[in-house]
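2 protein chains.
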Amino acid sequence: MAIHFSEVLSKMKGSDLGPLLALTAQPDIISFAGGLPAPRTFPLKELTEVAVKVREEDGAGAMQYGPSLGFMGLRQAIADRMNRMYCPMGMDKVDPKNIMITTGSQQGLDITGRVFIDKDDVVLIESPSYLGAIGAFALEQPKFVEVPTDDQGMIPEELDKILATTDKVKFIYVIPNYQNPTGICWSLERRQKFMEVVTKYEIPVFEDNPYGDLRFEGEEIAPLVSMDPKHLVIYSGTFSKTLAPGMRLAWLVCNDEILAKMDLVKGSTDLSTPCVTQREVAMYMENYDFEGHIKENCKLYAHRRDVMCDAIKKYFPSDVKSTYPHGGLFLWVELPEGCDARDLFKYAIERKVAYVPGDSFFPASGKRNYFRLNFSYNDDDVIEDGVKRLADALKAYLADKK
Amino acid sequence: MAIHFSEVLSKMKGSDLGPLLALTAQPDIISFAGGLPAPRTFPLKELTEVAVKVREEDGAGAMQYGPSLGFMGLRQAIADRMNRMYCPMGMDKVDPKNIMITTGSQQGLDITGRVFIDKDDVVLIESPSYLGAIGAFALEQPKFVEVPTDDQGMIPEELDKILATTDKVKFIYVIPNYQNPTGICWSLERRQKFMEVVTKYEIPVFEDNPYGDLRFEGEEIAPLVSMDPKHLVIYSGTFSKTLAPGMRLAWLVCNDEILAKMDLVKGSTDLSTPCVTQREVAMYMENYDFEGHIKENCKLYAHRRDVMCDAIKKYFPSDVKSTYPHGGLFLWVELPEGCDARDLFKYAIERKVAYVPGDSFFPASGKRNYFRLNFSYNDDDVIEDGVKRLADALKAYLADKK
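Chains as they are written, first to last, in the UniProt record's numbering: chain A, 1 to 402; chain B, 1 to 402.
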């Protein structure tokens with residue numbers, strides 16, 4: 001047989017997470033594994049209204065091929081919102097011309113990988129970092145270097161050391177707001193110091209901000225893109241967590257030089273993101289109370305975060321630690337040293353509850369004593385029940401381990 | 001500055017077609033350059049009805065994350081339609097499990113490039129071939145080998161010779177129905193002989209079929225996928241030309257082994273194509289007369305083809321040849337030997353008419369005495385006027401050349 005795949009695809013067998021996560025789709029399993037928004041947050045009435053209006057008002061435009069960088073009305077609406085939010089924090093005004101619409105932020109990650117990475121180049125990431133980004137970049141076969149990270153974010157001194165001694169660093173990928181998987185939000189001081197280091201070395205940064213709008217408490221902290229005199233930051237935002245992931249709409253903001261390369265890839269990748277959904281969201285932003293809608297989401301998710309954290313406090317063994325995120329969709333659980341969240345997974349599945357084992361978030365170090373929990377998707381009673389089951393699994397696993 | 005792009009993106013400057021085609025967007029230019037369907041063919045009333053129904057009936061499902069291979073309802077509807085059309089012609093029944101939904105057929109091309117091509121691998125194509133496919137594959141840096149092609153399609157004996165003597169051929173990319181750019185439809189005999197050669201060498205084939213449904217006259221000719229005992233064909237279909245390109249919906253059909261690789265890339269590329277548009281089209285196929293709609297499109301396009309061909313006959317100099325396609329969106333014009341369609345382009349733009357110069361469709365040979373005309377987009381009088389202007393340009397160019 002003369003079917004020969006490319007080198008990277010020949011090697012790639014698919015994540016061993018696949019079969020494991022397939023288990024979580026069984027209907028009687030309580031899954032904390034996904035990163036799904038709560039369906040009740042989708043503004044269906046409004047999204048139906050704009051669907052009709054877009055087709056009525058300019059159906060021929062919405063249904064035709066569109067520009068590879070995206071529908072200008074949506075790019076303008078995004079620029080306006082970012083400028084309203086971040087210019088007061090010091091961000092240079094974003095021109096809609098510097099925005100590219102992507103089919104979910106995943107596509108922005110993938111295109112970024114192709115624009116920057118050759119085989120054996122280095123990508124720096126938080127330790128741990130988002131597995132979807134790691135998966136997208138992995139198609140270009142880089143080496144991942146995990147930069148030490150604590151509860152304030154990436155540690156700038158460690159980053160400096162690594163940049164001083166590492167060749168072929170193409171960019172740094174970070175999620176400063178309510179990180180996936182940890183839920184950690186970088187402090188202002190950390191962000192400033194991080195950008196000082198980045199500016200010194202002139203290394204591009206991918207600032208992934210899917211969760212910044214899901215802030216439950218505390219003041220908003222300025223994004224990296226507002227501390228970026230050399231325009232090294234590629235900023236990524238998405239409508240998946242604030243509006244609806246099924247629309248698959250996100251965006252990148254970056255400097256002209258990088259954007260031109262991104263656009264070359266985008267055009268060859270899918271010509272453009274669907275015009276019709278872009279127009280729907282642009283019209284939604286123009287005519288409805290998007291900010292009010294986001295506030296409602298935050299209220300719901302803050303409540304569910306509390307339900308989950310209270311249950312954890314009540315039921316989990318005391319030597320199991322977890323984060324208390326002030327936003328986002330996830331919290332991060334640390335097992336005692338020497339434990340393996342993959343082994344624990346079997347105990348959990350027996351009790352019909354699931355999570356994502358943490359090792360996939362550590363592509364270099366592969367640490368095994370962590371796992372990720374999602375608190376946004378399930379109803380209160382399901383969260384409480386699931387945490388109880390997980391506590392049982394933990395107790396049984398820890399007992400057997402002794 | 002420490003911004004270093006990947007090797008391929010460092011080299012890639014963007015097609016020099018870009019600035020040239022930008023000219024064609026000027027409002028007073030008659031453009032035959034794009035591949036745009038006629039907006040009046042978009043079934044807006046029906047697409048509005050399904051947009052509302054999908055949101056009302058299962059809005060939460062439509063707006064949530066979906067499976068990377070696509071919405072099963074749409075995959076099933078596509079499998080049913082293909083089986084209805086092609087099983088009587090000998091195709092093995094397509095299982096919806098072997099279908100992947102993509103964001104336009106462009107994404108299927110891009111993913112195929114990533115699944116198969118390493119730098120300096122060989123991709124065989126018709127001479128000439130579709131520039132969007134060439135652009136997508138080019139991101140993986142293959143060598144393109146143009147297989148000699150005549151008015152019956154690719155010449156199997158030439159293909160056999162090339163396969164016998166060429167290393168690292170990863171796949172063959174072909175458009176057997178109303179090809180882009182030539183409008184040529186492969187004869188049945190050519191298809192059979194082509195598949196004999198392919199089956200002998202066991203080389204994967206990408207059968208791109210965006211235009212097969214736009215058949216104006218003659219009997220339907222069996223697709224390559226119906227002559228494929230070894231399941232080497234990756235079949236690609238799209239809704240862009242039959243329904244609306246703004247939905248960005250297309251599909252691939254391939255064997256399990258290839259599909260698994262495609263799926264790995266798809267998941268990392270954008271997680272999935274938008275769920276909401278997938279459900280809309282599935283519902284459209286189920287509840288409306290898709291076949292009747294396609295017939296109406298064909299009637300319109302056949303008429304416009306005739307308007308253009310009649311005008312060409314009437315106005316073009318007699319030493320300029322062109323194809324008379326029996327379907328699709330394009331025809332192909334051949335200038336006398338030694339002419340250059342890029343030079344002619346200046347004469348055309350002066351007279352406010354545009355086309356795509358042919359050299360971009362010949363990535364290896366770069367032949368310059370051809371250009372492509374689209375006949376689907378413009379109204380009758382605009383087509384007639386544009387062809388007249390083009391005839392003027394031709395006459396002036398040929399006179400100056402003497």
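Hints are supplied without guarantee of correctness; some may be wrong.
Since the list gives no way to pick one copy over another, a pair counts as held whenever it fits inside one copy or between any two copies.
Simulated crosslink set (SDA-like; lysine to any residue; CA at most 20 Å straight-line) [to be verified]: (1) K346 <-> S68; (2) K93 <-> E189; (3) K168 <-> D400; (4) K119 <-> V8; (5) K402 <-> T24; (6) K13 <-> N98; (7) K13 <-> G73.
Read the hints as simulated data drawn from the structure, not as lab findings.
Hint check:
Taking the shortest alpha-carbon separations for K346 and S68, neither the intra-copy value of 46 Å nor the inter-copy value of 26 Å comes in at or below 20 Å. In the homo-oligomer, the alpha carbons of K93 and E189 never lie at most 20 Å apart, since the shortest distance is 23 Å inside one protomer and 62 Å across protomers. Within a single copy, K168 and D400 get their C-alpha atoms no closer than 45 Å, and across copies no closer than 54 Å, so neither meets the 20 Å cut-off. For a Cα distance limit of 20 Å, the shortest separation of K119 from V8 qualifies both inside one copy, at 10 Å, and across copies, at 12 Å.
When the C-alpha separation of K402 and T24 is checked against a cutoff of 20 Å, the pair qualifies neither within a copy, at 28 Å, nor between copies, at 74 Å. Taking the shortest alpha-carbon separations for K13 and N98, only the inter-copy value of 18 Å comes in at or below 20 Å, while the best intra-copy value is 37 Å. For the identical chains of this complex, K13 and G73 are neighbours neither inside a copy (41 Å) nor across copies (27 Å), given an alpha-carbon limit of 20 Å.
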